[in-house]
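Student: Chains as they are written, first to last, in the working numbering: chain A, 1 to 277; chain B, 1 to 104; chain C, 1 to 159.
Hints may be right or wrong, so weigh each one.
What the hints assert, rightly or not - No farther apart than 30 Å at their CA atoms in a straight line, the calculated lysine-lysine pairs in the DSS-like style are these:
#1 C:Lys117 to A:Lys66
#2 C:Lys52 to C:Lys117
#3 C:Lys52 to A:Lys16
#4 A:Lys2 to B:Lys40
#5 B:Lys48 to A:Lys2
#6 B:Lys12 to C:Lys117
#7 B:Lys12 to B:Lys70
#8 B:Lys40 to C:Lys52
#9 B:Lys12 to A:Lys16
Claimed, not checked - Which stretches of chain A does chain B cover? Using the computed rule of at least three CB atoms under 8 Å from a CB of chain B, they are:
#10 113 to 119
#11 248 to 255
Honestly, the hints are just simulated from the structure, not real lab data.
Being a predicted model, the structure only gives us computed values, none of them experimental.
C-beta atoms are modelled at their ideal positions from N, C-alpha and C, and glycine is treated no differently.
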Amino acid sequence: MKFTPRPLSENVNVSKTHPLAELAWMLGGLALILLVFYLLVGQAVEVVAERLPAGAERWLGRQALKNFAVAENPELDRRLQTLLAALPVDSPLRRRDFQVWVAATDEINAVALPGECIVVFRGLLEAVASENELDMVLAHELGHFAHRDQLKGLGRGLVATFLTMTLFGNDSSAAGLVASLTLSFDARYSQRQEAAADAWGLDLLVARYGHAGGAVDFFARLSRRDDAPRLAYLRASHPHPEDRIRNLERRIAERQYRFETVVPLDSTRLLAEPPRP
Amino acid sequence: MYVTNIETIPGKTIVEHFGLVQGSTVRAKHIGRDLMAGLKNLVGGELKGYTELLSESRDEALQRMIREAKAMGANAVVNVRFATSSVAQGAAELFAYGTAVRVE
Amino acid sequence: MLRVLAQNADLVIFLFLTGLGYTAGSIAERRHYRSISRREAELLHLPVVTFKNPYPEESVRSGVMMMGSVVISIDYFKRLLAILRNIFGGRVTSYETLVDRARREAVLRLKEAARQKGCDMVVNLRLETSTIGQSANSRNSVGCVEVLAYGTAIALRRL
Chain A
1 MKFTPRPLSE
11 NVNVSKTHPL
21 AELAWMLGGL
31 ALILLVFYLL
41 VGQAVEVVAE
51 RLPAGAERWL
61 GRQALKNFAV
71 AENPELDRRL
81 QTLLAALPVD
91 SPLRRRDFQV
101 WVAATDEINA
111 VALPGECIVV
121 FRGLLEAVAS
131 ENELDMVLAH
141 ELGHFAHRDQ
151 LKGLGRGLVA
161 TFLTMTLFGN
171 DSSAAGLVAS
181 LTLSFDARYS
191 QRQEAAADAW
201 GLDLLVARYG
211 HAGGAVDFFA
221 RLSRRDDAPR
231 LAYLRASHPH
241 PEDRIRNLER
251 RIAERQYRFE
261 TVVPLDSTRL
271 LAEPPRP
Chain B
1 MYVTNIETIP
11 GKTIVEHFGL
21 VQGSTVRAKH
31 IGRDLMAGLK
41 NLVGGELKGY
51 TELLSESRDE
61 ALQRMIREAK
71 AMGANAVVNV
81 RFATSSVAQG
91 AAELFAYGTA
101 VRVE
Chain C
1 MLRVLAQNAD
11 LVIFLFLTGL
21 GYTAGSIAER
31 RHYRSISRRE
41 AELLHLPVVT
51 FKNPYPEESV
61 RSGVMMMGSV
71 VISIDYFKRL
81 LAILRNIFGG
91 RVTSYETLVD
101 RARREAVLRL
111 KEAARQKGCD
121 MVVNLRLETS
131 TIGQSANSRN
141 SVGCVEVLAY
151 GTAIALRRL
């Protein structure tokens, strides 16, 4: 049988698309899908948050509470009740039963959990210098409850991260990338929530004390201690302390709140060890 | 274009041959098929989605092989063989290879 | 600036490896294809066929089974493309060049072995592809492809 060698010019087994073009298309498509999903989930989370029955919310809060080593603090409880008494008579928060707990870590923070739970970290109790400052923090957390932020906070970023983890595996770089992206988006959203809670808390502080003294002191001290660059705050859940101070001062000027002397804090009773149950 | 996996085309004679021709394709499944297959894993039975996917891919590999044979000036491909292997997570490579010949 | 990089270390490493995979990978691929084209042109006169013996028994001097095999690995960039393809489905073009190179290289090595032994033709060629090692299908590793080409190299009697 005759053999005729025929050289081939075209390689049929290789597609002609450029790999970078393909990468761009697929990344674009992926970003689009994630965006649509994110928006849909965000809407769904908000709808659920509106309609969640109180019993379910308390259950969620109890589960979240298990993450912290908490103890009761009757002194803090008393301050909270005094603060609540300063609310306007028609405020929906009056009908709800708030509890406050102290977590035994040195972090300077406080969180609002579902089910009317406020967790204050011990580090914060040690860092506040006046009663006004402490009440500002509590009022800020009550502001979150007033805006129903406590459930929305659990929403989108978590769902997106969970989905990426199931699709790509727990420790893949894709999951890490999506997690950091969505959490930073959520950080902008929650920075708006934080600013709104700040404003609401300021109003409550003034209702309680009659003046706005001590509202910005805590953040001013924090910002002097904190040397993280502003860029880090892009991805943090709280705005930069200087931004918070600026917004608060602007609101104080708008509402023409007065400044008077603050009440120094006697922290011995506050930081006392809780009685053994 | 005759394609067969025996040595000759019945009723014709091979006049000249041009050597090996091969066609291959690598195909991946997408999330939708994956989910359906995951559900099917519970009850067992034929995974129609995957069957379709693989036979489409096999067709494409065959078409590529035929294109290469045509470019060589052949009008038949004899002794065709197929092979499947999994080269990546969720992707399978299918290829077909045979000898390009001219029959009369 | 350095602190931002340090905080996002895993992202930076990922981007770096992808870039490295793309540049080094395409350079290596082009070089390999040039070598393949050159050797295919040289060995074009030695046919490789899949049917059995086309020549009558008397004219065949010897027939020896020969093999050519190669293992080629993918780069990080191709792996990224394959992972994205897994979502959308369709042709994984980044792997196409990989298996194409591997197959052609294996057949070339078979031809070279046949030429060294002074054979005229390789008949009854079979190709086997596999992915070896535990790196094949696990999520975190880079894959590789092994191709084996084997056939019988026959030497014809000089008439």
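Student: Now tell me if each hint is right for this structure.
Tutor: Here's how the hints hold up against the structure:
1. C:Lys117 to A:Lys66: violated, 76 Å
2. C:Lys52 to C:Lys117: holds, 20 Å
3. C:Lys52 to A:Lys16: violated, 35 Å
4. A:Lys2 to B:Lys40: violated, 53 Å
5. B:Lys48 to A:Lys2: violated, 45 Å
6. B:Lys12 to C:Lys117: violated, 34 Å
7. B:Lys12 to B:Lys70: Within the cut-off at roughly 18 Å; holds.
8. B:Lys40 to C:Lys52: violated, 43 Å
9. B:Lys12 to A:Lys16: Cα-Cα ~37 Å, so violated.
10. 113 to 119: Not satisfied, violated; 0 residues make the cut.
11. 248 to 255: violated (count 0)
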